[in-house]
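Those protein sequences? They're chains C and F, same order as listed.
First residue of the first sequence? That's 530 in our numbering, and the numbers climb one at a time after it.
First residue of the second sequence? That's 145 in our numbering, and the numbers climb one at a time after it.
Hints should not be assumed to be uniformly reliable.
Claimed, not checked - Just so you have them, the derived chain C footprint on chain F, three or more residues with Cβ under 8 Å:
| # | segment |
| --- | --- |
| 1 | 158–168 |
| 2 | 266–279 |
| 3 | 287–295 |
Hints in this document: simulated from the structure, not taken from any laboratory.
Only a predicted model underlies this, so the values are computations on that prediction, with no experimental measurement involved.
Ideal Cβ placement from N, Cα and C applies to all residues, glycine included.
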Amino acid sequence: MVAKRSLGLAALAAGGAIAVGYRRRKAVRPGPAEWFAVTVDCGPEELSGANRPDALGRLTEHHEVRITPAPGGRGTEIAVHAADGKVREEVRALKQFLETGEVLRVEGQPEGHRTVLGRAAVPVSRQLMRRGVR
Amino acid sequence: MKALCWTGVNEVAVEEVPDPRILNRQDVIVRVTASSTCGSDLHLLDGYVPTMMAGDVIGHEFLGEVVETGPDVRDRRVGERVVVCSIIGCGRCRNCRAEMWSLCDNSNPDPGFLETLNGHATAGIFGYSHAMGGFAGSHAEYVRVPYGDVNAFPVPEGVADANAVFASDAVPTGWMGADIAGIRPGDVVAVWGCGGVGQMAARAAFLLGAERVIAIDRLPERLEMTARHTGAETLDYEEVDVLDALKEMTGGRGPDVCVEAVGMEGHGTGAQYAYDRVKQAVRLQTDRGLPLRQAIHACRKGGTVSVLGVYLGFVDKFPMGAVMNKGLTLRSGQQHGQRYIPMLLERMAAGEVDASHLLTHPMALEDAPRGYEMFKNKEDGCVRAVFTP
Ligand SMILES: NC(=O)c1ccc[n+]([C@@H]2O[C@H](COP(=O)([O-])OP(=O)(O)OC[C@H]3O[C@@H](n4cnc5c(N)ncnc54)[C@H](O)[C@@H]3O)[C@@H](O)[C@H]2O)c1
Ligand SMILES: [Zn+2]
Ligand SMILES: [Zn+2]
Numbered sequence: 530m531v532a533k534r535s536l537g538l539a540a541l542a543a544g545g546a547i548a549v550g551y552r553r554r555k556a557v558r559p560g561p562a563e564w565f566a567v568t569v570d571c572g573p574e575e576l577s578g579a580n581r582p583d584a585l586g587r588l589t590e591h592h593e594v595r596i597t598p599a600p601g602g603r604g605t606e607i608a609v610h611a612a613d614g615k616v617r618e619e620v621r622a623l624k625q626f627l628e629t630g631e632v633l634r635v636e637g638q639p640e641g642h643r644t645v646l647g648r649a650a651v652p653v654s655r656q657l658m659r660r661g662v663r
Numbered sequence: 145m146k147a148l149c150w151t152g153v154n155e156v157a158v159e160e161v162p163d164p165r166i167l168n169r170q171d172v173i174v175r176v177t178a179s180s181t182c183g184s185d186l187h188l189l190d191g192y193v194p195t196m197m198a199g200d201v202i203g204h205e206f207l208g209e210v211v212e213t214g215p216d217v218r219d220r221r222v223g224e225r226v227v228v229c230s231i232i233g234c235g236r237c238r239n240c241r242a243e244m245w246s247l248c249d250n251s252n253p254d255p256g257f258l259e260t261l262n263g264h265a266t267a268g269i270f271g272y273s274h275a276m277g278g279f280a281g282s283h284a285e286y287v288r289v290p291y292g293d294v295n296a297f298p299v300p301e302g303v304a305d306a307n308a309v310f311a312s313d314a315v316p317t318g319w320m321g322a323d324i325a326g327i328r329p330g331d332v333v334a335v336w337g338c339g340g341v342g343q344m345a346a347r348a349a350f351l352l353g354a355e356r357v358i359a360i361d362r363l364p365e366r367l368e369m370t371a372r373h374t375g376a377e378t379l380d381y382e383e384v385d386v387l388d389a390l391k392e393m394t395g396g397r398g399p400d401v402c403v404e405a406v407g408m409e410g411h412g413t414g415a416q417y418a419y420d421r422v423k424q425a426v427r428l429q430t431d432r433g434l435p436l437r438q439a440i441h442a443c444r445k446g447g448t449v450s451v452l453g454v455y456l457g458f459v460d461k462f463p464m465g466a467v468m469n470k471g472l473t474l475r476s477g478q479q480h481g482q483r484y485i486p487m488l489l490e491r492m493a494a495g496e497v498d499a500s501h502l503l504t505h506p507m508a509l510e511d512a513p514r515g516y517e518m519f520k521n522k523e524d525g526c527v528r529a530v531f532t533p
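Chain F on its own, in the form it takes in the complex (with noise of 0.2 Å):
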């Protein structure tokens, strides 16, 4: 079959590759009719990721048709059309029981390395290195789905396929930042990033009950989208400081919760931003924190950041100061999509949740090192790239 491989930094290639086949009695194997683009990649083709190797295939957040299942597999049938969360559970540890899917002690068969770096490891992750488990990614004609009663959704028959493929993963994960951070109603929402996850955040809190929500990007068309498609207000971050406008904006007080939807790509202004460059480049840093420090600075006292942006060691100059003197609580994680997706499939279903606008630029498979390109550099207005095999 033919699939989108990582050959080395900022290099993708179609390539053909062997079919995939059931390797455990739990596997579902899924053809795949819509893969797309998302913000944790540019951290792989970037080269921020360790563990990658050319010949990895990637691509996590897909749609397809089961066209096999194992012979444990109970509930999951042939010729249904399902959505797959991004992140792999097994359904039955501690942390995913307790609905921390993305905490899943099981589905990351080779924890060592972030064990090494981090303490524990995280679950796996379809297409996302060898450290998250080293699983071939969707952008291809069929992936392998494990534990796939837990991890594949059928999608209801209204809800169109341009609208499903993000509940894998930009809707779950946006959903999750507003959830997680306990928003009440009355609530004054920040959200750093106008990409899909930060736009899929600002529908959410809203519809968890803020009463305002303030966006935060650079990019006119992004920031445009997120006004026209979620409701919220929106800052350009190059044409006024965005410390100072939130005060304004919100009576001196700061914003009730900030959601960080940037990760360690952040870009900025000024010397700060200098200086993460320089130090994420030779690596005295892993990860640039510029967004993240301003969600700390700019969050009322006993506020609550909210960290979606993926960041996978160490940021510098990171304020404890603000987050101990203002009592802030942070709260962050990789997805617990399965959580979220069956009630999110049923808010698709009643119109209440519509993703589909991120989908800006669909393309043939064969296109997809095109569309990275487009992605990466926020070509043309493009928000996701979705490739169709």
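With the rest of the complex left out, here is chain C (with noise of 0.2 Å):
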């Protein structure tokens, strides 16, 4: 997490006063990103009708979904609302699979001695970094 104190420290230092006077225009804070979106490398028609995989399925019950194709032809974007770090997750798996046909897999892979907390913080870590923060 070192990187990170410092990404907010560089933020901190660099942006600090532009910021400020940006935000006291604009009076109102901007809130959490409200849509999550991800791009799929196929036609829009592979994802609706009888095509449209089940995973996405799945998301339009609970989730508001946005369904575009993306400017030039180049694949179809896919925007869930008010995504969670779940459904986040559930989103990037969705591309990886209509893109490769299955969802990579890190767990279970040969590791040498952990530490206690290292047993712990592996986890955790890896789901914080699948999910991504918002």
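Make the complex out of the two chains shown on their own, each in a separate frame, by following the hints.
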């Protein structure tokens, strides 16, 4: 997490003054991102009707989902509203599945001796990084 | 099996770990026959790559034999001798299909850290921290290779192991540095760093039409090796002022292309170096950037700076003024190995590319901790230590 701390520091040093000015003018603080979006390398027709993947069907049951052709015919954008960490993980998995036919796994690989702390930290940090913070 | 694990800053150890197994249908398992140290590992050793955890198996530049294939593997066969690209691609996303394999969207299952740091994540890399996907590395008896059909390449019979192993990383990286810089016949190319990557960039520059290549380092044995094996002229940055020397050697113009093959632990002389070290040590900047600044400063007006050295975060005193006012083009990236490896193996078979001299220290995997010590401290002329399990 060292780099993250310095990321914050650098942002503070470089952009602090500008950010303050910006906020004052806008009056409102931007909230957390409302949509989580990925672009999948397939045509929109592959995501609808009989072709619609089950995972996408499940997402639409609980979330507003927007499916749009990307400009220039460069794939299809899938945006999910109010996506929490678990949903973000599902959306990333959906993209992987649509493009490569499977969801890549890293759990279960060889590893050497973990410290007690490490044994607890590996799955937690993995989950954090898989979901991403927002 | 035995594997080399990162156990802490500047600490590695050979440990007994479980064998890898097929985790995805497109995986292959490779029995490793040669696995090399790389300058990128020094960033891990020195603790500049966050998200390393004690117990992580490291190593990413390797050669071996396919011993098992997942049910959806179509092209790879058990028994094939293969070199595996250090950076993992899926072969199907838009970036892979555009031959920008290190920008793969799917091979890094845990992209969150890099997304926060950089906006978007890089592809997965073997043995290179959890931020890069947390893949077990190749300093081991066996390694699991995801998307085996696109990441493992059969090696032509006539190419020796000692040459082919570097088709995994150093050779395609060097080639990419020259290729993305758009070298044109008659160009003068300067290369910072005479490690495996810099040497291969120098060689590639000539093969792509450069008329003169000037390689820069301070280690006499590396300078001599670079001159002998690539035909480049050399500069010792502890002996001469690099910027003055390059101006003089290029009639005041500066090199057309500057390749930076040093990375975030760039060494240097003088006050700027001291400043960089202190700031990096207290994490006020993550990356030291002296050779990068030099490359930008030296480059001719309208020229191209090609950055192969690895940076992860921020460099201080980045000379944006020079980039802007000299109209420079900046190119960079982790290597797109899959784009070059088949061609490079052919060139190796034809005798046009030979990297085997980089292998200065063949060692048993058991001796890998000593190998890293030698490689890190550049002892005994070590350019690359290569481990055999
Ligand atoms: N882009 C990629 O995909 C990729 C792949 C492999 C390696 N790399 C990176 O390329 C860089 C070089 O790798 P390597 O394996 O050749 O490493 P290496 O450690 O063997 O070589 C680096 C060389 O740079 C020299 N050097 C240090 N400071 C210098 C300076 N100020 N001016 C000139 N030379 C200087 C060192 O003396 C050394 O010889 C590393 O940063 C590594 O992480 C990138
Ligand atoms: Zn490497
Ligand atoms: Zn891909």
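When the structure is checked against the list of hints, which entries are broken? Sort them ascending. none
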